[in-house]
Amino acid sequence: MKHISETNNKKPGWIANTRLGGHRVALSLALVITVFAFDQAAGQLPAPAQKTPIALVGGDIYLEGGEVIAGGTIVFDQGKIVALGQEPDLPEGCQMIDVSGKQVHPGLILSRTSLGLTEISRHAESTDLSEIGPINPNVRAQVAFHPASEHIGVAAVHGITTAVAAPTGGIISGQAAAMRTDGWTWEQMTVKTPVGMMVNWPSMSNDETRKDAIEALNETMERAKRYRLSKEDAANRNVTPPPTDLRWEAMLPVLEGTLPLFISANTISDIQAAMLWSEQQGVNMVLVGGRDAGYIADQLAVKDIPVVVTPVIGGPARAWEGYDRTYSLPHQLHEAGVRFCIGGEVSAAGAYRLSHHAAAAVAFGLPQQQALEAITINAAKILGINHLTGSLEAGKFADIIVTNGNPLEIATRTEMVFIEGRQLDTTDKHRRLYERYMMKLDR
Amino acid sequence: MRVVNYGLRVDCTVGTTLVVARYQVKQILKNYMVMTRVLLLALLVNMIGGMVHSQTARVVGLRDNTPSVFAFTNATIVTEPGKLVDDATLVIRNGLVEAVGSGVSIPADAWVIDLKGKHIYPGFIDIFSHYGMPDEVKDEMVSQTHWNPQVRSFYRSGDVFRYNEKEAQTMRSQGFVATHTIPEHGIFAGQGAVVSLGEGEKARLLISDGVSQALSINRSAKLGRGYPHSSMGAYSLIRQTLYDAQWYEQAWKAYSANPASTPRPESNTALAVLAGNLANRKPFIIEAADEQWVGQYSRLQDEFPIQLWIVGSGSEYRHAQSTDNTIPLILPLNYPETPKVSSPEEAMKESLESLRHWYYAPENASRMIQHGHTVAFTSKGIKNKGDFLKHLRMAVERGLSEKEALAALTTTPASLLQLQNKFGTITPGKSASFIIASANIFSKQGNVEQVWIDGKKYQVKTEREDPRGEWSFSSPEALNGAILSIEGSQSKLRGHITLEDRQVKLLNPVVENEHLVLAFDGDSLRLQGRHRITAQAHAHEMLGIGATDKGMIYAWTALRTAEYEQVSQYDEANDKHDNDPNIDQQNGDNQDGNGDDDKPQHKALELPQRYPAIDYGLTELPYQPEHVVVRNATIWTQGPLGRLEEADMLISKGKIAEIAPSLAAPHGAIEIDATGMHVTPGLIDPHLHTSILGNVNETADAITSETRILDVIDANNVWIYRLLAGGLTTAKLFHGSANPIGGQDAVIKMRWGNNAADLVMAQAPPGLKLALGENVKRSTERYPTTRMGTEQILKDAFEAALQYERDWQTWEQQRQGIPPRRDLQLEPILEVIRGKRFAHVHAYRQDEMIMMMRLAEDYGFRIASFEHTLEGYKIADELRDHGAGAVIWTDWSSFKIEASDGILQNARLLLDAGVLTSLHSDNTQLSTRMNWEAAKTVMTGVSEEDAIGLITIFPAMIMGIDQYTGSLEQGKDADFVIWNGNPLSAFTTASQTWIEGKKYFDREYDKQLQEEIRRERARIIEHILKGS
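Residue numbers (our numbering), protein chains in the order written: chain A, -9 to 433; chain B, 34 to 1061.
There may be inaccurate statements among the hints.
Mimicking DMTMM-like on lysine to aspartate or glutamate, the simulated pairs with C-alpha atoms at most 25 Å apart in a straight line are [unchecked claim]:
#1 B:373 to A:115
#2 B:490 to B:533
#3 A:430 to B:1045
#4 B:828 to B:791
#5 A:430 to B:499
#6 B:929 to A:115
#7 B:583 to B:596
#8 B:382 to A:115
#9 A:221 to A:269
#10 A:201 to A:269
#11 B:373 to B:1045
#12 B:1040 to A:269
#13 B:810 to A:197
In case anyone wonders, no lab produced these hints; they're calculated from the structure.
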């Protein structure tokens, strides 16, 4: 509320900003109340920095590839894993936490989400997902990542330690950012950015708009390349470079092949068109969504196109398809040898359900180890952050969860969460309200 | 007169320049010429054919006294369906049939028309059209006394129809001579009239008026955008209006009997007319959007003394057996376009349902007739009405007998419209309205050449001279003896000219304006250059001119030397068809449609019957074995027995007989080894909006308690099968949450393959959906727009319902004056207050829920459940004390402001507080995995058995069906699921789902079914590809 009282205008700020009557005023009022509510709650308190080395002792430690150190110990210091094994050497001053009988896993990675970019989906004021216009390669998700969003804490408490916040609108939506789910500011929370350039592949379903959209895409690529050419030429000739164009500047890493396009496409035609186009343009592509990817899994495998499968829990698109069509997609991709990870849902409130999607794939054929890796190390690899997180390995960030059972099982509780070695407060908004109203009941 | 006027205008053009004046003169002359042509034509038509004049109108100019006696000889006459007379004569006089038959003598004054080779049929009647109806709705066409503009039962198509040349021509080209034309707009759209499709003054074209009352489930936006917005709202408006009409009559009777001491009832023309329609047993005619609506509408006949005619959609065959065959069906011959399947990816878009319907649509009529339905045809629904006969022939090719086809267009509509004395057959005394066809009208060669309506001829197609065949040039000299051969189809001619040993191809031969036009290369015939020739062809001779490329003009003549070969083949085909065993040459009796020898052979696909006739329909409905025993399972009884390990369950006649370890099963029991598997009661979702036809919300008003989900259940929904695959057996289908009082719910069991009526769980207590909070106050145009107003409008409705009860009590005691009007809106509200109907209240926030409980307490009833109950945990003790159930999601929150405070621990806290709690989905996909939803509550500390309770016995208790289902206890319905593991594990799926001792889903069978569906689609796709 502070920003309102500071306004010089006699009227409260939210009235001054709206020239119109009731309707808009009501909306603005809603916004203020929303913002106010966030300020009050502001999620759980960010975890204090790791001050001493910590050893989790006695748990079953799950490694990449399926190996388990039964009753082992994992040690981390200054935010990084330093040792793990049956009885590794413990550094001096090491804090010991007994986790015997528990499972120790890497923190889960949500590879595409609106988490941090939206609070109440029906309220545009609380949402920063879609910039105006079709071509926005320059916008960056991390700068709108709202550290106080309640949904971030909820996701973290359920084991998600890294989430890729991604813009969604237009054709080129902007740059996705891999964010850790704990911290005071977005700068502290940033793991790596950008991890991908988000693209909505123009759907074949509408021929006219599709043609326009593909033209816009081609035009974008050509302009970006012209910009690069002009820049290189200026550098070679040591003359004044062309005036900066933010959009084409942002496309340079895409042209260099260092930043993949995360292309959302679902039908066979759209996926194949995107594959051909990417090849022709000489850019790296990651397929996002991929509803029909099962029909062309072999092609994806041969061309080595990674897939972010999202969602797994869903109904078939066509009446004649089996009820299990969507659920069995990860298994199909696995069988065909496609590199994939599982992306969960876009919704911020539903971000915490990531593991449910991986589990559903298991119910319909995917081996458990594959399901786990699809939301940890394989996601990290596709996002290009596997050197930082995604598995329990010395040198990586201590993004660790401790569970009372198989983390894929819906009923399993995540009991401890460490992000960069900091132990999280597991009292999220849900628990806070629960405890508060238990008090009402008890009185 | 007009010409003179134009002239005057020229004279009066003052101040314009000469150029303009000249231009105008030119234009006027042009107009004059066009005008004269039109006038001349009209005069000509008038003089020759004789306009059909009104008998009471003044005669202008000369009287037309042309004699009107015709004898049509040597024709094949089908005098009525199934009765064919060869080589017969038809005599008509002054618009009526005078005589017909083979031995008829030709009156001396008759003009004789030789129809050798032609066929005559009774003229067709289109029993459902909007012929000649005005496009625009004007104010005077809307009721000024009925509150709803959609009710205009008084509106008569006879008053407003206009002769429409274009429409009439198209209809006549298909053999129609009359039509029952229906007003187009409104839920009570108005009354139908039978009109002639001839030309003339309206007074003579109108055959009978006020024939029927048209109903519709779709409101017309042209009459306004108010109530109703949904199909269920429209259905309710139909019911309420029919009750109102009955009341209106009683009210006026009571008033007339005692006007002095009775308050005068309202005057309402719409209701007055309806009351008359009901009294006179006028047919009520209504269009069904698919076969399910036929069943839905037929229930109106149980409630009201009305006679329904239902206009079908073309898919009625899918319910042929179960449809009430006492209701006349008016069927369109609208076949779907051939699905585009040449691209395998395009073909993926076609469901098995759409492919099957494409294949079966032409069999619709014959299948309905086979099941004893009275069927008449309408041309409606065919994109191009000119294709009607083509579609009719397809129906005949696919099993409809010619007799049945003809009856559906002649005798059946005539008798339904009570015109059997004038139309439908060619019988002395009846109207001389008939078709002359070039051959059997059901064969491809049988073009309609003329229709005669009331003794007046309408030429359908100008007979075109056929230039095909061989012609020999007799002039000019250079071509003498050359042979001109023309072949190909009428629209695509080809041929050549042969002169001695030389031959040239005809270039672009066409018939244009009744002239043959072509060119040829003269050089090849040793004539010089390129020649263009044209000619008028008559039967045996062509007279024409030619032009060389040097501009020389010459005349030429040719004589026919041979008929076109295929023409004679046609004749043969016709002769053969005349001996069709389908048509009894003697007396027309005892005919059937089975003799297909002569029809083009249609290669039948022989697809299995599917219930329902869509993707994943079962080839037979599940049967109920006498006894079933499930052995060695972990059984979650959700009853007093708790969870049993390694137990057996015996099911007898659809009920649970016993649960115990090592049961002795009766002889012949079906044994299921469920070792390592789990068994739970069938899952129950107390809040779902799937399988509803039309809009889920009646948004037009704040209180729409009269709407009933029962009226709009959709059994053709593949999601029912998918729900079974997730173990769901029972669900409550709700009206949406757009109104403080929504509509009446329906509980269905997922009895996949059954019709809508048989999905309904009859024993389930009725409920009413109410709603609070953001959704109901969102509309800016209607009360309420606040939670404060929401309380008040509810209170207002409760008061009105109580007053309604008092009014009836008073009437029952005194029986004096005007009886109260039945109010379908207030009755369910009163039932709620009196505890006879469950109140299920959509709510998110605690404040509104407390308001609702207090309001209910004031009126002495209990809220059965709050729905969604997001903030239920904030008022758990209040809910418990009131006795309200809490129906909740596990983890939906934050999609709107009032959903901000949804928490995962809601169920946990509510259960701990002793609130009757259930999970729900509100979302069809979610409803396919309620066991995984339940697992989320285990994460928050709910016990495993309570978690399963949240999706079985608890919802059953909230819905008041727990004595039938929801737990596995002796005597209850055998609704259960066999799981391949602990149902709360994320890795577990349903293996089998049983309802009332019948297995509706089996994962093993599903694999087979997926394969079957794949193959069946492929077979139809191959069939299409071969056909094209």
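Which numbered conditions among the earlier hints are violated in the structure presented, ordered from lowest to highest? 1, 2, 3, 4, 5, 7, 8, 12 and 13
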